[in-house]
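Chemist: Working from the sequences, and respecting the hints, build out all of it.
Chains as they are written, first to last, in the working numbering: chain Z, 1 to 120; chain S, 121 to 269.
No lab work stands behind these hints, which were simulated from the structure alone.
There may be inaccurate statements among the hints.
Chain Z residues, not near chain S, derived (Cβ > 10 Å throughout) [as the list claims (entries may be wrong)]: (1) D3; (2) G16; (3) R22; (4) G89; (5) Q99; (6) G104.
Rough simulated footprint, nothing fancy, chain Z against chain S, three-plus residues with beta-carbon under 8 Å [stated by the list, open to error]: (7) 146-156; (8) 163-175; (9) 193-199; (10) 208-219.
Idealized CB from N, CA, C, for every residue including glycine.
The primary structure of each chain is shown beneath.
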Amino acid sequence: MADGALTGAITGAITGGIKHIRATKLLNSMNANALDSGYDCIEIAEDLQSLNKGRGGILTFKPKSGNWIKVMEYGNVDEFTYHSVYKYGRYVIDPRYGQLSTTGQYISMLSKLNPLGIIY
Amino acid sequence: MKETYIQYDCSTELADLISSNLTISQMRRTMFHVDDIYSRVPKLSFALQNSDKESIYSKLKHILESYKGNVSWTLQYPKTKKHSSRKLYVIIPLKIANMGLLERGFADIQDYNKNTEIGFLGDEYEDFCKQAINDVKHLSAYIKSNMDW
Numbered sequence: 001m002a003d004g005a006l007t008g009a010i011t012g013a014i015t016g017g018i019k020h021i022r023a024t025k026l027l028n029s030m031n032a033n034a035l036d037s038g039y040d041c042i043e044i045a046e047d048l049q050s051l052n053k054g055r056g057g058i059l060t061f062k063p064k065s066g067n068w069i070k071v072m073e074y075g076n077v078d079e080f081t082y083h084s085v086y087k088y089g090r091y092v093i094d095p096r097y098g099q100l101s102t103t104g105q106y107i108s109m110l111s112k113l114n115p116l117g118i119i120y
Numbered sequence: 121m122k123e124t125y126i127q128y129d130c131s132t133e134l135a136d137l138i139s140s141n142l143t144i145s146q147m148r149r150t151m152f153h154v155d156d157i158y159s160r161v162p163k164l165s166f167a168l169q170n171s172d173k174e175s176i177y178s179k180l181k182h183i184l185e186s187y188k189g190n191v192s193w194t195l196q197y198p199k200t201k202k203h204s205s206r207k208l209y210v211i212i213p214l215k216i217a218n219m220g221l222l223e224r225g226f227a228d229i230q231d232y233n234k235n236t237e238i239g240f241l242g243d244e245y246e247d248f249c250k251q252a253i254n255d256v257k258h259l260s261a262y263i264k265s266n267m268d269w
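Modeler: Written out as structure tokens, the structure reads:
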């Protein structure tokens with residue numbers, strides 16, 4: 001491997017590690033307040049983005065068919081008009097889902113719960 | 121341990137009533153989980169898009185507070201915060217609303233656990249969940265009648 005490529009690989013690994021640590025901290029920071037039923041998922045996502053100095057973005061999911069999207073929260077399935085999560089790097093941070101997931105894992109989980117399809 | 125209690129699933133009845141008569145921007149459809157009834161005290165979180173939504177919220181609150189059920193109910197208004205337009209209103213037992221969970225934040229999960237619904241209600245928690253669940257069907261009918269839907 002050329003020096004440049006090696007340096008790039010190392011930098012990428014370090015950046016990825018930092019993002020993982022930061023994403024885990026963000027997830028844990030919202031554990032308690034996310035339990036508030038009046039705290040909408042999009043607000044949680046916006047507040048997480050704000051906590052992370054504006055980095056990352058927000059993903060909003062809706063059902064492709066019907067009025068409700070099924071979402072896993074605290075080990076149970078709930079239905080919502082829409083569902084929003086904070087996306088940072090390759091991670092989705094959803095405190096009510098409770099575990100750090102990659103975007104692909106998270107979308108896969110939602111797709112299984114909503115076999116008629118989701119849009120985002 | 122999860123427990124099933126009810127024979128008739130009315131967990132989405134109130135949500136379906138409101139969403140079929142009003143324009144909602146967000147709603148958590150399930151008030152409680154049929155196969156895990158102690159996972160939370162029944163409540164319905166939602167936000168409306170109707171142009172006259174403020175008067176609708178006010179009317180709903182009045183109707184809820186006039187309902188005589190196993191438990192007393194109310195409409196909890198969102199706490200004022202920067203994104204106040206996106207805050208959810210919550211149909212919730214008055215006793216839980218009075219805990220003030222929506223008015224305060226929690227330092228951490230330990231802080232929450234000390235002040236959670238279970239912690240607040242103690243031995244009464246499971247019976248309270250059952251009593252509130254038993255209200256949902258009649259509460260929905262009461263709202264339907266009083267809203268002239």
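Chemist: The structure should be examined with respect to each hint, and the outcome stated for every one.
Modeler: Hint check:
Distance check on Z:D3: its Cβ is at least 45 Å (rounded) from any Cβ of chain S, clearing the 10 Å threshold; non-interface status holds. Distance check on Z:G16: its Cβ is at least 27 Å (rounded) from any Cβ of chain S, clearing the 10 Å threshold; non-interface status holds. The Cβ of Z:R22 lies farther than 10 Å from every Cβ of chain S, with a closest approach of about 18 Å, so its non-interface assignment holds. No beta-carbon of chain S comes within 10 Å of the beta-carbon of Z:G89; the shortest separation is about 24 Å.
Annotated as non-interface, Z:Q99 keeps its C-beta farther than 10 Å from every C-beta of chain S; the closest such distance is 15 Å. Against the 10 Å criterion, Z:G104 stays outside the reach of chain S, whose nearest CB is about 26 Å from its own CB. Residues of the segment 146-156 of chain S with a Cβ under 8 Å from some Cβ of chain Z number 7, which satisfies the need for three, so the listed coverage holds. Counting residues of the segment 163-175 of chain S whose beta-carbon sits less than 8 Å from any beta-carbon of chain Z gives 3, enough to reach three: the coverage restraint holds.
Residue count for the segment 193-199 of chain S with a Cβ under 8 Å from a Cβ of chain Z: 3. That meets the three needed, and the coverage hint holds. For the segment 208-219 of chain S, the assignment as covered by chain Z holds, since 4 residues bring a beta-carbon within under 8 Å of that chain's beta-carbons and 3 suffice.
The structure meets every hint from the earlier list without exception.
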